[in-house]
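**Q** Given next are the chains, with one letter for each unit.
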Amino acid sequence: MEHVISVLVENKFGVLAHIAGMFSGRGFNIDSLAVGETEDPSVSRMTIVVHGDDRVVEQILKQLNRQVNVIKAVDLSQETHIERELVLLKIATTAKNRREVIEIADIFRSKVVDVQHGSLTIEAVGSGAKIAALIDLLKPYGILELARTGRIAVARG
Amino acid sequence: MKASGAQIIAHLLERHGITYVPGIPGGANLPLYDAVKASKIRHILARHEQGGGFIAQGMARTTGRTAVCFATSGPGATNLLTAIADAKLDSIPLVAITGQVPRAMIGTDAFQEIDTYGLTIPITKHNYLVRDAAELLEVIPEAFRIAGSGRPGPVVVDVPKDVQNQVVEFDKWPDPLPLATPPRPSAEEIRRAEELISKAQRPVILIGAGVVSADAGDFVIQLAERIDAPIASTLLGLGAVPSSHPRMLGMMGMHGAPSTNYIIHEADLVIALGMRFDDRATGKASEFCPNAAIIHVDLDRCELGKIKRPTLAVEADVKEFLGELLQHLSPGPRPEWRERTDELRAEFPLLMPGSDDACQPYGCVLQTANLLDEAPVVVTDVGQHQMWVAQAFPFSFPRQLLTSGGLGTMGFGLPAAIGAALARPDKTVVLFSGDGSLLMNIQEMATAAELGVNVKVILMNNAHLGLVRQQQELFYGARFHASRFEFEPDFVAIARGFGWNACNLGQATDPVEMLATALSQPGPTFVNVPIPRTVNVLPMVPPGAPNIEMIGGHSHVCQNA
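Residue numbers (this note's numbering), protein chains in the order written: chain U, 1 to 157; chain Z, 1 to 561.
Chain Z on its own, in the form it takes in the complex (with noise of 0.2 Å):
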């Protein structure tokens, strides 16, 4: 057999079940370029790197599969460290190939040369140089095993051109490789942490990405129900378990409602699956859940005992886990524990204020939920509305909410619509955006109308940077520097002129009847939602404080409405 490095790239591609990759060309990829459209994959242009690089994310983080993005040499490899950087922190499955220089110009300062190996080490799983065509045999396999094995993250595979024109002579194509099995729970783990529930009078089950990218959702759910505990989550572990099930708290930590971070506070066991303990979850790590034994289980097991020392640490996959743990675990009813939860959650629970007006923040997310017949992906930018969406919408299934969690990259949200709606067309994506954040990729604006996907971006628009000018006031005695936009673009005029359908709520006598109508047009929608622009997002744990020293967590009012 014999073939190119482009061509074994390609061919590879497809083996893995690659159906689109976005990315764009430049000098140093033309090659790849060349063989890819002689294949069956479908190249999607974006407009930016760093919109292909989310669009990919958008596809993986939809469907749980490693998706690929592409980009050149030089600026094209910089500007999708920002997308790259974002699929490590929140575990996302990528594939990025970018060109490089031809290998006798590598280390000379060649025009769009820069060291992708080494800017992409600190961000990436994994990465690979590759110095040789017929490496790619061996490479591309092993790019996809580890960006989809255990706990899932992006991989670098940077191709001098000369490598991709390379022709080289092999015996047959390699096959994907089989995703590393994730550890198993021991017998004596499952043994312990069914002695720790037992003794818990106040066990709190606290939930992760790693529960969504486990699929481990309807297990939780048991468990919960045999132990009668409630459930919190982390913002990626949102969707795992459904917004409406009785014991579901909702989101913990620096924007979850007070009754959430109180009753964690009260747990005498916290049982904490796939999440990481990060520091917008747990507040001051050290007052967080202070009077709990800790049961972790994660994949991976630089997560356990990095932030809390667990009582027992489980190295496995949540899944598997819960399944074994499940099998021998005797139902322990605890209904002082539950009159307990139901009594702070009624006496603290999240307020939502304006939430049947559609130009107020929970307004336009429940309103917008509440307008759809079925389920849609929930795709969010980076800030206040993130919160509020967080906070507010009814989820329903896993995979369903798609944000920037870890990186908290501001522009993710319209490319990741993106990806999303291409990898399910069945559904209709709903961008929630702010207008700090669609700014931020706005050009992908052009990449939606050319693919004419089924995307609803609903701009939550406040004239601010909404969450700099919140800790401004609230930490900074109201010295409001750089977050208000004084210049006001025209966004419903922009995104007509990329060819989009677009409307203003601001301007509608009916603006439930107008959001009810984009929602309901085919392709990419645009709605401006002026919403008052002073609110803050409450309650709020000051950054470093314990999460139960919340602003606006007692007497929660909208003060600043």
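Extracted from the complex, chain U is given alone in its bound form (with noise of 0.2 Å):
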């Protein structure tokens, strides 16, 4: 099952490669990663994104909890959060089939943020369902290049 991993870490030196390094040591794989400040500067916020059962994810999170410079990891996928990703697909297209591409990209409320003769380069944000059903749709036009931001979330209210 896939686990949301939140992780609030403190901004130092060496932060990353202390808990990339628990997840690779122990076994543990990683879907995605992202790190970024938070409101405060001297806090980072990793949103990490596993596949494991429930024990596996017991034990990352016990793991994560115990580093020194982890002040605090939960798993969001036990409450209700928001989670989104930003990707950017490269399509190969051509005049005829241009216009097609488009209207995908529309109906996903995704923004075309690049055009050329035989390509064109698509914005979208979204859940990772979102994200797949789209990838799945562009695909039979040819993905020339794909850049994902990996999950960033944070729970409700």
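Don't take each hint at face value.
[As the list claims (entries may be wrong)] Here chain U is said to cover these stretches of chain Z; the calculated rule only asks that three of the stretch's residues, wherever they fall, bring their Cβ under 8 Å from a Cβ of chain U:
1) 113-121
2) 124-135
3) 295-302
Everything labelled a hint here was simulated from the structure, so no lab data went into it.
Note that beta-carbon positions come from the ideal geometry of N, C-alpha and C, so glycine has one too.
Build the complex from these two chains, which are given one at a time in their own frames, with help from the hints.
**A** Set out below in structure tokens:
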């Protein structure tokens, strides 16, 4: 099962290496990882998406909370939360099918941010499921490049 | 106030009560050595950084207090890694201070530059790269607090050379920080523990290193007597409860007495105190104590549920937990269970053939114990001799046994014994070693000779990597490979060359008398004990098998002796 783990850490030298090292050293896989400052510049938030059963996730949370530079690690999947990911998709297009691709982008409320003769770049924002659906629909046109931020999330309320 | 980074370190080490620091100087930590020369700290010059790390561990393991070691950058730091990793796995409080190339040269592949910070992330409790001398005023006290708080562990402080030289002004010296208060058990947890105990008919108490570090042995004995339960120990829990206690079963697991593993298998309640269900202790974890409810008490919440799902998990200091529990727990005699455990112990004991012959493994351990009037500090290396000592030595006090349990580091013994002798000058320190292990840090014989420490090395010499040979015999169709030493060094001559007293029991007309003489000599003394070359440590649970499937468990005779 997928879990979205939110980790508040001290914004200090080497913290990312400590967190990433804990995952690799203990054999846990990271699906995505996004890091940035919070409202308090001395604190960063890491959003880590992992797959695993409850026991694995429990162990991940315990190991994270044991780290000296971790302020708090929680599993957001256990509560209602909002999650978003930003994706840039460069799609191969021709004069003929460009219109179609733009229509798909529109349906997903995503933006066309660059157009060239042979390609078109879409910026899409959404939850994991929405992004997956968009990628699936655009695949047949030819995805030339794909860049994603990894998911970020906060608890509701 | 004005001081250089190096002076700040030296002064703060003094403020933290550090009297000895083992280590080796080099280009990148010379400012620190200069500052320490002017302090009250006595530096112990090791002959290899790993030796220095294990000397510090010997001090920390003997006293329970955080010890410090020094190494220079690059190879100094990489040589130290094994000792740091060893401290991590056995939860030993250690602060390692390493020199680093000057800040401006970091990342340029400078001479003797290595990413000590990156290398030590997975093997420390925490680590620092100090980027300004003023930071040391926070980092050093924090390093001690982290190393010593909760479940202890090693901390690395990497200090670039120019930071050591950087002079900073500050208002006052920081005081040592208080250690974190251990979590206390809740009233509900105590109530549930009581309930599980009162329902149990066949309780067993398992103790580990957490009982030693919490100094909770007396409470464990009270619990055992109150609820009429036997006690089994992991390798690192040995000594917390005296071996002579009638309910003490000794070591559990891979080389435990058959009866000990059978008793745990029959338990309907396991009270696991400060132990982490290590595979050497549990065998195949899913078949360990299959019919038992589990109360697991540990300071480190990561251990709760990591290997075995406990019925009741208590994140607490073992001593606090037992103190609370004993206030509430009413006596529960369990005569049938006691009878059953006595029966199993009588039927499936640990047999110790050759126990009166000082040139046989068990005899060597037991005769040494007999000959000493006062209980010594016992240090081991890693291998067969380590298991024979764990099985046979009559332990009588906590922190008596110093052994590399988690990492299983050959070469641990000699430097750890030197550290123990420095920390406990009132005690004799006996190191049982093997000919494979001793060679891995034999250079520290020079350090011991220089210090004149009261270390007695008993070398169980079988000219083999004995435990490897044993596994090849038992699990690899006796296809022996790389486990026999074809060249056998003259260890007695080597020891003498290092300035030690040395003797060879193999040439004695009365080995026990020679051993007695050796043990009564002052200063470092070496005893070569040629033991039979192909004796196995029995019983043995094959790696990955359940603990009740022991080789040599039923008809326990030393077939290969």
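**Q** Closer than 8 Å Cβ to Cβ for three or more residues is the test here. Does the stretch 113-121 of chain Z pass it with chain U?
**A** With 3 residues in contact (Cβ-Cβ under 8 Å with chain U), the coverage given for the stretch 113-121 of chain Z holds.
**Q** Is the listed coverage of the stretch 295-302 of chain Z by chain U valid when you require three or more residues with a beta carbon under 8 Å from a beta carbon of that chain?
**A** holds (count 3)
**Q** Closer than 8 Å, Cβ to Cβ, for at least three residues: run that test on the stretch 124-135 of chain Z against chain U and report holds or violated.
**A** holds (count 5)
No hint from the list above goes unmet by this structure.
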